[in-house]
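Spelled out, the chains give:
There are 4 protein chains.
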Amino acid sequence: MQATNALSELLTTLMDRRPFSRKLDDSRSTIELCQALISERIETSGLQLAAAALGHFRQVDPDEKAAFFTYLNDDLDVDAARIVETATAYSLDRSPENFKALAATSEPKRQDLFRKLNEAPGATAELVAMRRDLLAQLKTMPELARTDFDLTHLLKSWFNRGFLVLRQITWDSPASILEKITAYEAVHEIQTWDELRRRLQPEDRRCFAFFHPAMPDDPLIFVEVALTKGVPESIQKVLSDNRHPLSGVEADTAVFYSISNCQAGLAGISFGNSLIKQVVRDLSSDLPNIKTFVTLSPIPGFGRWLEEQSLTANDSSDDTLAKLAAYYLLNAKHRSGKPLDPVARFHLGNGAMVHLVHSRADLSENGMAQSSGVMVNYLYDLTKIPQNIKSYASDGDVATSSAVKSLAKQGAKELGAAKTEHPK
Amino acid sequence: MQATNALSELLTTLMDRRPFSRKLDDSRSTIELCQALISERIETSGLQLAAAALGHFRQVDPDEKAAFFTYLNDDLDVDAARIVETATAYSLDRSPENFKALAATSEPKRQDLFRKLNEAPGATAELVAMRRDLLAQLKTMPELARTDFDLTHLLKSWFNRGFLVLRQITWDSPASILEKITAYEAVHEIQTWDELRRRLQPEDRRCFAFFHPAMPDDPLIFVEVALTKGVPESIQKVLSDNRHPLSGVEADTAVFYSISNCQAGLAGISFGNSLIKQVVRDLSSDLPNIKTFVTLSPIPGFGRWLEEQSLTANDSSDDTLAKLAAYYLLNAKHRSGKPLDPVARFHLGNGAMVHLVHSRADLSENGMAQSSGVMVNYLYDLTKIPQNIKSYASDGDVATSSAVKSLAKQGAKELGAAKTEHPK
Amino acid sequence: MQATNALSELLTTLMDRRPFSRKLDDSRSTIELCQALISERIETSGLQLAAAALGHFRQVDPDEKAAFFTYLNDDLDVDAARIVETATAYSLDRSPENFKALAATSEPKRQDLFRKLNEAPGATAELVAMRRDLLAQLKTMPELARTDFDLTHLLKSWFNRGFLVLRQITWDSPASILEKITAYEAVHEIQTWDELRRRLQPEDRRCFAFFHPAMPDDPLIFVEVALTKGVPESIQKVLSDNRHPLSGVEADTAVFYSISNCQAGLAGISFGNSLIKQVVRDLSSDLPNIKTFVTLSPIPGFGRWLEEQSLTANDSSDDTLAKLAAYYLLNAKHRSGKPLDPVARFHLGNGAMVHLVHSRADLSENGMAQSSGVMVNYLYDLTKIPQNIKSYASDGDVATSSAVKSLAKQGAKELGAAKTEHPK
Amino acid sequence: MQATNALSELLTTLMDRRPFSRKLDDSRSTIELCQALISERIETSGLQLAAAALGHFRQVDPDEKAAFFTYLNDDLDVDAARIVETATAYSLDRSPENFKALAATSEPKRQDLFRKLNEAPGATAELVAMRRDLLAQLKTMPELARTDFDLTHLLKSWFNRGFLVLRQITWDSPASILEKITAYEAVHEIQTWDELRRRLQPEDRRCFAFFHPAMPDDPLIFVEVALTKGVPESIQKVLSDNRHPLSGVEADTAVFYSISNCQAGLAGISFGNSLIKQVVRDLSSDLPNIKTFVTLSPIPGFGRWLEEQSLTANDSSDDTLAKLAAYYLLNAKHRSGKPLDPVARFHLGNGAMVHLVHSRADLSENGMAQSSGVMVNYLYDLTKIPQNIKSYASDGDVATSSAVKSLAKQGAKELGAAKTEHPK
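Residue numbers (our numbering), protein chains in the order written: chain A, 1 to 424; chain B, 425 to 848; chain C, 849 to 1272; chain D, 1273 to 1696.
Please keep in mind that the hints were generated in silico from the structure rather than gathered at the bench. Take these hints with a grain of salt, some might be off.
Claimed, not checked - With a straight-line cut-off of 20 Å between C-alpha atoms, the simulated SDA-like cross-links for lysine to any residue are:
hint: 1; chain 1: D; residue 1: 1428; chain 2: C; residue 2: 1005
hint: 2; chain 1: D; residue 1: 1610; chain 2: D; residue 2: 1684
hint: 3; chain 1: B; residue 1: 580; chain 2: A; residue 2: 104
hint: 4; chain 1: D; residue 1: 1452; chain 2: B; residue 2: 617
Given these sequences and hints, build the entire structure.
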């Protein structure tokens, strides 16, 4: 029964910021429009130029985009010689004036351009889309990493945790949002609106997303949660269409069974850790019966690793696959010394521990292909997270339950035996 | 009849970001908390440290605040020698790695601290308050201008026009917002809730404010507007409590009679120009009968200037005062070459023109003291704004109606005569 | 930019009226619970009894429902002998006391029971569902018409136009509402969410529904509108999936192409007329370019009538079908003297006129079966509606364009010729 | 984190029902407009006539209002002779047709007029205001009780508990609502906005109101609640402006210290009981630490009763006053056999018990005048309410704590002694 007035009234007018029409009645190129924008002093004209530049950019072909990025990268770069001068001056006299001169010279001009572009209504989403294009170009034009560094720096600042809004996604959410959830779901595909409804409407299902106020229609990341009795062993059971929903009182476990990033243009800006922590905090407070927070996660690198060991799932019993997967999670390492499996790196980096490994847990085509149907529960034990994070960060220690440790040992034997049987 | 769902649902959960309790059960100082925060890698602990640091800072005395600012200014400054190195390297090889090294060394560490602090719920308002404290300290510790430069830089980026929300303030707005409007009104004081109501409720009165989504309860700036028939000559008539409100159809003029900034901690970050332009745009579209957009503005420097001319209002007739005020507005110059009067500089810089000058227009104590009761209408003529801005910016030209030009000429004579009469 | 606070704050707490749990831990029958409710004086217990009675009723089989309706019909009827007494007394002395006695005796006790049941949270929707069950029983138990009269009387009062809320349905509406729109669409079936989106999202499509505040998740009636250039001749063109949407400025016509009632339990309580009038009013004010308001309506009785004339569509050219349909609309009469076609009766009763008749206008299976593909535009000409209503009500006059009049005359000839060719 | 979409979207359009302009360009009288409305069959014209009739009525003088009420009372009354006929017919044959004929004749025509009037936007509030006028006329025209009976009957049905919305009033509520709270507060007057704020903003203060969706800006009734540690003994302490607010965890008691009805036109339609019960239920669930629910109530009849006993407060010590007040509450009876004190009747009728009596509990001018500063706590003990209601309803038993029973006995002695001292 809290009053939400101040907030809801605020939003009443957010919608009034209708985008300027972006018809290309301005025949200038994106670069020319940006040059005009940089030198423009009239705020209103600035907004129009910014809108025109963004509207123009959106519609041009990859070559013109590449040209624009090169302009940003080269023409709007810093002048290193000037920085040397101002930094030297500042090292001699740390006066405010010298500091400002140094600061002014050491910030690339493109940063200011990005800020000016952002002033147009709806521009933030356009800049996120621009970074998606930039990442695409980066593959063939690695020197654009300089511009990407600057744009990322700005987006990180603007998408600071303090500006994000957590919001529950329900069957009462706007269809326009729900269709984005369907489109962005990256882990367990949603085929129909009925499948979507089964993940949102039952009393024992939840979905939460982070939003940014400047992009209120576009989720940044979302997590799907199942409330269960005990830790589930199979994703098909979780997603089954003939379950009997639990009431809030019966459930004792919250299962994060899918986490999806939505904005390719925000790649590398991590929201997942914050999202999980916030959802754990909120669910703990809303549903005191929920004591266990686990994931039910894919092991996307397992299939390939099996192949590299010259093993195939077909040769192996379910038991053996679970043992090998446990071994893989604990022992297969990335060149960084961290686990080879990217999902494992994410959750372990957040302070979770490897809790249980299940075979025949994902029988979908994708699940069989990626990881021979094996899945893993990572456990978020609030009391151990800080310690886990520290040991993982400093020594690469993988926090593991004794059950999985023992499984991994058996996996080591299987692997030895297998290698003996099928020597390369 | 537009649907606002996406937005209003978004806000449903904004309120769920309840601030961490900020009890000082943590006995560390602000500096120690910030040192911990800088080295912390665990996101959750980071939020708690940030909240604790901000909560602590808010409560300490000015001396401890000064010590904290000195820590920011000195310990978290850039290392100029390192910048020289990395800039030199970059000037030789503009590789992405060299660019990143340069960027990393040239950003003061305090910037990153500010971003980390902002992650805590409600932190943005605390950082704005911190800058207010910083501005206060700056008077006696001018070297803090370095830290102020950095904090201002960040706040400018975060309060980018693209993130602001324009919102109408009405008699249906939350009392908690309205009391802030009352408190922040800086031009024509609001004494009672009845006075406030007279500025909000009648059909021919409007009030608009900019808000930032991270501070939804706190207006940044607001403007009060009267819809009138013809250009008004007196603020007392506008504020009178026995007016007969006009209907939307009768009014042909929108009068901006008061603009107030609300956040001392955002001083120097200008919102007024954007606000006026947006309100002109919105009113034009909502009320097509409104053709004229003017201010009814004080002339705050006129009283002092009169004194400096050894003139007093008492000696002068109303007519004479209007002539002298016109002269003052057009001819009294600041060392920058721009008009001496600060309100004139604001509106002329936005592209308005000096339209009419009225004596006996503000008979309040303050109005008499500041400007002998004289007020001025600045006219916002949408077709002339760009040209006005350019001539004013380049040549300091003050766009002026012929009526005021002629008045100013007569003012010049009066001034000559007066000086002859009362030679110093 | 209107403030909607008072309203939206109001709704913040509407949701707090969570229904009592309706577990049947109370073993009493619906009748017993209602008997207890009638004699209960404690408000809180009353709410619980009401909730229990409604929860119970919902779950019992048709036989127990029939028994309950019989109880309402007989046990909670008026006592006619007592009415004769009190009415006689009142005829002799029109004192307030006598009036109250008369009023008390002449209202059936079931009316008060319905009002008591309605006090439970969510009860209004249950009572609407109860009437749906009642209508079903009415077929075999015509004496229940007495109870139906009372329940209808009450629902009419509660669903008074003054309490209804018009609301636009958009692609941003909650999925839970949209699935109801899909389910209730009775004219041109919606098969997929994509089809639904094509009726809501494009700039030239609108959908409006009436809601009652006590049933905020359940539309009562909705109308789908296409904004077009000129009057459309075919529903398939309107619903086509590869149209190019018009902008608001291009469209000059609003086409009501589907009107569906949603609540079987509100049958006989008419909302359609109010809905059309309100939408015409709102669209006129929002989109001044829209000058023409027409329907694109089925002619559901035409197919059967053709058969009765021993004609079949197969025998007839498209031209002939249009002529016969025009003839049918103007000349085939119901025993009431009004047109035989029910959709015609609805729109003519609202003051519309028969504007144009099109063959090959609905090529769907249903459209071909019902009306051999012919459709009709009824025109809502605001200046003529009152006159049309009067002539239609008093004399049964069917307002008709000269084009359709002429078509109908040709239809008469065709019919004559056909009858000559195929004498019965 | 519940989603409120369906509801808030619903309200987005509630505001769109702007009232028709009610300019009296229609020169007909209210009666003539209503006659036209009764015979009008065109829905749109009906809305306009209804709006015109209500607009007209609102502005006429009391004499014309009286004439209108007489028209309702006499011309739109039932025809008793016809009722005798139709009731006789129905007693012979309970056919649906006979039932409908009886129902049609036994409902006064004014009822249907009220329903037609209600269809205009904003009409419900006008009808409530009309009843206020009717009650005023009733004093001199008692025969209007017939019309009042009908209007009350309808309003009771429309303001059924199932349609009311409970809503918390906070310092974030719209000023337009808050000014109504201030105006309607009938128990402990609110003088300034600061006083109002002290009742809304502190963490240990609450205010709840019932609203009807057709009058979203107008509370029907509200209750002010203080959360305290222990049962408070003085209203001045509760309202003090230098209290230290308690946190939610510290408080163990909720004190209903003021309940005010807002709509004179809804007199006799009781909302207080439902409001208290709902608030008790909600607070119990939100704040599990709150175990005790009491009022701090005035004893408005005590002062007059004292006088009637030829006693004055001045003669009596504080102790004696408390004893006499206890005696008064338990023993002074209304002709109905229920307690003489109206506030006592209200709370006892709701199932509360007399818990504690305090002297010097209300030192305000009004409190001293009405009840010599004595106040009483009525205790709402959820486990005893049903039993209390029953004994009170059947036997007039006043549930009383042993402390107050004992106090009342001492009061009896004081009274005896006083009467001995001051024999009449």
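Verification of the supplied hints:
1. D:1428 x C:1005: holds (12 Å)
2. D:1610 x D:1684: Judged against 20 Å, a Cα distance of about 19 Å means the pair holds.
3. B:580 x A:104: holds (15 Å)
4. D:1452 x B:617: holds (13 Å)
In this structure, none of the earlier numbered hints is contradicted; all agree with it.
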